[in-house]
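All residue numbers for the sequence shown refer to the numbering used here, where the first residue is 5 and numbers rise by one.
Keep in mind that the hints were calculated from the coordinates and are not lab data.
From a predicted model like this one, the values you see are computed outputs, not experimental measurements.
Just to be clear, a hint being listed does not mean it is correct.
Label pairs and their in silico Cβ distance ranges [to be verified]:
(1) W43 - A100: 17 to 25 Å
(2) R12 - S280: 36 to 44 Å
(3) A207 - A273: 39 to 47 Å
Pairs of lysine-lysine residues, derived as DSSO-like cross-links and limited to a Cα-Cα distance of at most 30 Å, are as follows [stated by the list, open to error]:
(4) K131 - K84
(5) K131 - K283
(6) K234 - K131
(7) K234 - K283
Beta carbons: idealized from backbone N, C-alpha and C, even for Gly.
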Amino acid sequence: MNVTLQLRTLLVLSRVASLPTAWSNCMAGWWLGGGGNYWKLPFLLLGVSLLYTGGTFLNDAFDADSDHQRRPERPIPSGKISIRLAWWLGFSHLVAGIFLLLFCSQLSAGAAIILALLILLYNFSHKFFTASPWLLGACRFWIYIIAGATGATGLNGWPILCGVVMSLYVAGSNFVARRETYRGAIPFWPTLLLAAPVLMAMAMNTGSFRLRAIWLAVGLIAWTGWCVRKIFIGGESNIAIIAANLMAGITLVDWLAVAPQISFWPGAAIFLLLFSLTKWLQKFAPAS
Numbered sequence: 005m006n007v008t009l010q011l012r013t014l015l016v017l018s019r020v021a022s023l024p025t026a027w028s029n030c031m032a033g034w035w036l037g038g039g040g041n042y043w044k045l046p047f048l049l050l051g052v053s054l055l056y057t058g059g060t061f062l063n064d065a066f067d068a069d070s071d072h073q074r075r076p077e078r079p080i081p082s083g084k085i086s087i088r089l090a091w092w093l094g095f096s097h098l099v100a101g102i103f104l105l106l107f108c109s110q111l112s113a114g115a116a117i118i119l120a121l122l123i124l125l126y127n128f129s130h131k132f133f134t135a136s137p138w139l140l141g142a143c144r145f146w147i148y149i150i151a152g153a154t155g156a157t158g159l160n161g162w163p164i165l166c167g168v169v170m171s172l173y174v175a176g177s178n179f180v181a182r183r184e185t186y187r188g189a190i191p192f193w194p195t196l197l198l199a200a201p202v203l204m205a206m207a208m209n210t211g212s213f214r215l216r217a218i219w220l221a222v223g224l225i226a227w228t229g230w231c232v233r234k235i236f237i238g239g240e241s242n243i244a245i246i247a248a249n250l251m252a253g254i255t256l257v258d259w260l261a262v263a264p265q266i267s268f269w270p271g272a273a274i275f276l277l278l279f280s281l282t283k284w285l286q287k288f289a290p291a292s
């Protein structure tokens, strides 16, 4: 196997297209935790990245048997990578991620252990546990906790509250993503969860912060509405594309979460860059 093919296999296995959304969660949680402690940011970003990619490697390892029947093009059933190597990469990444997050704080490392356990539980159960999207949402919640504990003021109510809202958005997105390409009407109730960030922003941002939150909320509503429009108007919907676009929307949810914390331009530079990077990477590697 040549180097290019090996790299392509690892990128597919790691769901690299969705990795910028984990960085976005880190930046939002860190800002909500007071920012600062800049020397800890590399440990935060790399540690969470290892936890994320470890989870994706293990996802394919857990799903190897079903993928042989339903998704033979995936790296393991197609023979591009051995299941033994996938198991090793997954667990080694989880351990390395927890170790790196020790340099952020003991609380961050403790939260990383909980996140790793949730990752294992999700990967083990998502094929038969219909409520597994809630587990995936919980994983994003704990990224907020890890990042919030890294900030200068430490973990407070904002990373916790915004983490809950993020978990609702991700759960809603994953409930949609569980459906393959589907002809006809698709149940729209999961899309109600996608409204949680906007409702939260309107409830919590008052005074001078309200106008900024409104503008960002309008942008998020426009993007989310465009993503799910076919769910409401009926007809044939490509759920893979909808799910990929909703995944990219995580970066916009993060930006809305930190609207009261930072000025417009730093937020625009970071979160729009991560949004664009997510969409660009989706051209080369599947988001799920």
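Hints, verified against the model:
A beta carbon spacing of about 19 Å between W43 and A100 agrees with the range 17 to 25 Å that was offered as a hint. Between R12 and S280 the C-beta distance comes to about 22 Å, which lies outside the given range of 36 to 44 Å. Taking the beta carbon of each, A207 and A273 are about 27 Å apart, not inside 39 to 47 Å as hinted. Proposed proximity of K131 and K84 is supported: the alpha carbons are some 23 Å apart, at most 30 Å.
A threshold of 30 Å between alpha carbons decides the hint, and for K131 with K283 the separation of about 27 Å falls inside it, so the pair holds. At roughly 26 Å between alpha-carbon atoms, K234 and K131 fall within 30 Å of each other, so this suggested pair holds. Proposed proximity of K234 and K283 is supported: the alpha carbons are some 20 Å apart, at most 30 Å.
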